[in-house]
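> Next come the chains, spelled out residue by residue.
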Amino acid sequence: MLSLTIKRKIMVSAWRQGLCAASLLLSAACPPVNTPDAGEGGDGDGGAVVSRSDFLRAAGECSRQNVTSFRTQAEAFAAAPTQETWRSAMRAWSRLEPMQFGPTALSITPGGQDLREHIYSWPLVSRCDIDGVLKAGSYSGGVSRLLINRRGLWAAEYLLFSNPDEVCAPTAEWNALSTEERAARKQAYAQAVADDVAVRARTLDDAWSGFAETLATAGSGNATYPTVQGALNRVSDAVFYVEREVKDIKLATPLGLRDCAAPPCLDKLESQFAAFNTEHLAANLQGARQLLEGCDDETFAGVGFDDLLVAQGAGELARSFRTNAAAAQASLDALNGADLSVALVDSPEAARAVYDAFKGVTDLLKSEFVTVLDLDLPMGLEGDND
Amino acid sequence: MTEWLSAPRDAAALAVFRMAFGGLVSVSASRFLAYGWVETLFDTRVRLHYWGFGWVPWPGLQGVYALFIALAVLGALVAVGLFYRVAIVLLFVLFAWLQLLDVSTYLNHYYLVTLLAGLLCFLPLHRYWSLDVVRRPSLRSETFPFWYTALLRFQVGTVYFFAGLAKFQSDWLLHGSALHLWLSARTSLPVVGPWLAAPETALFMAWAGFLFDTSVPFLLLWRRTRPIAYLAVVVFHTATRVLFPIGMFPFIMTLSALVFFDSDWPRRWLRSAAPAKPLEVPRVSRGVGWALGAWCVVQLALPLRAHLYEGDVSWHEQGMRFSWRVMTREKNGSVTYVVRNEAGREWHVSPREYLTRVQERELAVQPDLILQLGQRIGAEWNARGDGPVRVTVDTLASLNGRRATPLIDPAVDLMTLTDTFAAKSWILPVHAGPPLSASEKLAQARRVQAP
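In order, the protein sequences belong to chains A and X.
So the number in our numbering is just where the residue sits in the first sequence, counting from 1, plus 6.
Going by our numbering, 130 is the number at position 143 of the second sequence; the sequence numbering is gapless.
So that you can see chain A by itself, here it is in the shape it has in the complex (with noise of 0.2 Å):
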């Protein structure tokens, strides 16, 4: 009895709501109202309310921008392939990773161009085949009919930073040279693949001339991009490159939380010569926030994905967003400049911290984000649905 009369209030309650919603619904004017920023306490970046097709734009022109930043550092890389020009052009690729739309991505998305594994194709890759070519010294000619696994950025932190005596099954005329023609050996081929890839960052800026725009007027009329839903979607695949690759190949992996039989797997890192593996995660980490906070490459201003959630009456997912970013920033700060590999070996918990941290951004990718702006997650199936 009580628990009806209990009922029988919130029904009241609740049909009282309805009727105040719908005497509020009955009060609008026709025009759909201009909603302001839900960002009282500083949601957004401020200014006007920021719409799917401002997010585009805005997105379109940092991956632009920074495709023009790797094509600098790919040029500076081969016009002296050195340990230094590797690391700045490796930077400026990695936070290209997490912007994988658009001519950097595959072919089989609206635009893509195949070229991402041109320039870097980790995670297929092998030391070996690589030795190969420098065994043959089939690179001379130039590298770029060769196998993707046998060029590109990785192939470069082999030459590079690998021993030049080591190589998987020396020829008895490897073993014949001395060190200094096998390290010529290995530079020479670095200039290649450096060549290789400086042509493939032109192309690439190139295939992004213009195409912010297209980006930007996503919908009716555009062949590339038909809906701005779509297009929202192909950009917020790229992101989850965090959840994939990051989370989970670059740090559960080598953590041994998966697909590893004895803890640490350090073989298992992406990064094997050159220690760059924190290097990776922080600029891939950058990359990600430019497009969930906004382009800057320091402070995150301008117009990111959670000014659209902000727009969308989720201010508190947005802040929750920044926080979590900025707690797996400094996740990785907290390894005080030591590499993942050192961490993995010395400070177990801090690298374990690390992966954590980088949860904490792609739970919320896979669980609020995509609910509040309507995505699909990435590979969705065009359906049926009910």
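Careful: at least some of the hints might be erroneous.
Distance windows between CB atoms, simulated [as the list claims (entries may be wrong)]:
no., chain 1, residue 1, chain 2, residue 2, range
1, X, L20, A, G308, 38 to 48 Å
2, X, G298, A, T209, 49 to 59 Å
3, A, A229, X, R123, 52 to 62 Å
4, X, G298, A, N342, 40 to 50 Å
I should point out that these hints are in silico values taken from the structure, not numbers from a laboratory.
Owing to the predicted nature of the structure, the values given are computational and were not obtained by experimental measurement.
Note that beta-carbon positions come from the ideal geometry of N, C-alpha and C, so glycine has one too.
Since chain A is already given, all that's left is putting chain X on it; use the hints.
Here is chain X on its own, set in the frame of chain A:
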């Protein structure tokens, strides 16, 4: 009552219903083949089975292709009424088989097709306007007893009514949350696009959908309101077809709703002569009467069972399937299984390693599926010699834009649980906060506009 149910009615309307049903099944199966959905949906490493249906045999991917081809043919046979009695039984069995292969493919409209096919197995709708009648004129019957129509009306009516009842909740009516989330993502649609982001639109459509679903079966039943109600059916389903990717559902419902019209409507359209004086139609037997009653009770009880569980069914999902809760919630989640053995080794297992994208998305918000895969992972670990293991699960889910919260108690060892119909105490309550609210957004806009 039995007289009323036995009363002869013109067979024309149900003959047209048979044609439409068979045609839709045929088109639906052909779509699967044409769009490559067979591979996407059924080429899976793991199949998530319905409770009690783990025994359903897997025909192999080529077998699934064969099933869809067979359904396309059987649908056509039903439509033209050729070898109907065999065709409809096979159609029912094969369609149900496909549905039972994997829970992640569950859709309310596939369930409806399965039920209708099951009912048609008992209704000889090939006795009029069919090739079977051309082959065997003795089959011909210009009338059917009224209970055929009544049964189909009941079945179609329950879909609408329970779909409406499912909307009687604050997230839908007071906040317009799911609709606001969906419509905001469709602003690039021509003409109507700019209006869809407005919270007023979501609230209007939420109420319109609720009122439509709950009232339309009754308005269709009453002759005076039937034309306008059917017009509403057409408008409603056209709108949902334009706005949402709901495949064949609008067509199925629009054509199914024709069963509410008078049984001679096709004849009036075709200006065909009325049927000859009906033959004596036998009274409904006691057995048929009981069977009809039992069917109706089951069809009413299944959707209502959700109310036996405390909390929001959209969150805990107990009683969600087979309840006609059509597009009432937007929910996504993240799932990571944490496997630990006695030696202290810990593994994190993503469902992605076992499931397709479609399966993973469904699993992430459905506790029984999370349990099913968790137990499979645990068994696999034990079998490979890493056990005995504890399997817990780290989940986060967001319902209608609420802040994400854990769906499953992260302390519970999934290996110790059994999936039953009892309330699942290991499902945690939904976030106490409100969903993303169109009405709140509207109120906020008003506050800003106010001087």
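> Evaluate each hint against the coordinates.
Cross-check of the supplied hints:
Distance hint check: the CB atoms of L20(X) and G308(A) are about 47 Å apart, consistent with the given range 38 to 48 Å. Take G298(X) and T209(A): their Cβ atoms lie about 55 Å apart, and the range 49 to 59 Å holds. For the pair A229(A) and R123(X), the beta carbons lie near 56 Å from each other, so the given range of 52 to 62 Å is met. Roughly 47 Å separates the CB atoms of G298(X) and N342(A), a value that falls within the hinted 40 to 50 Å.
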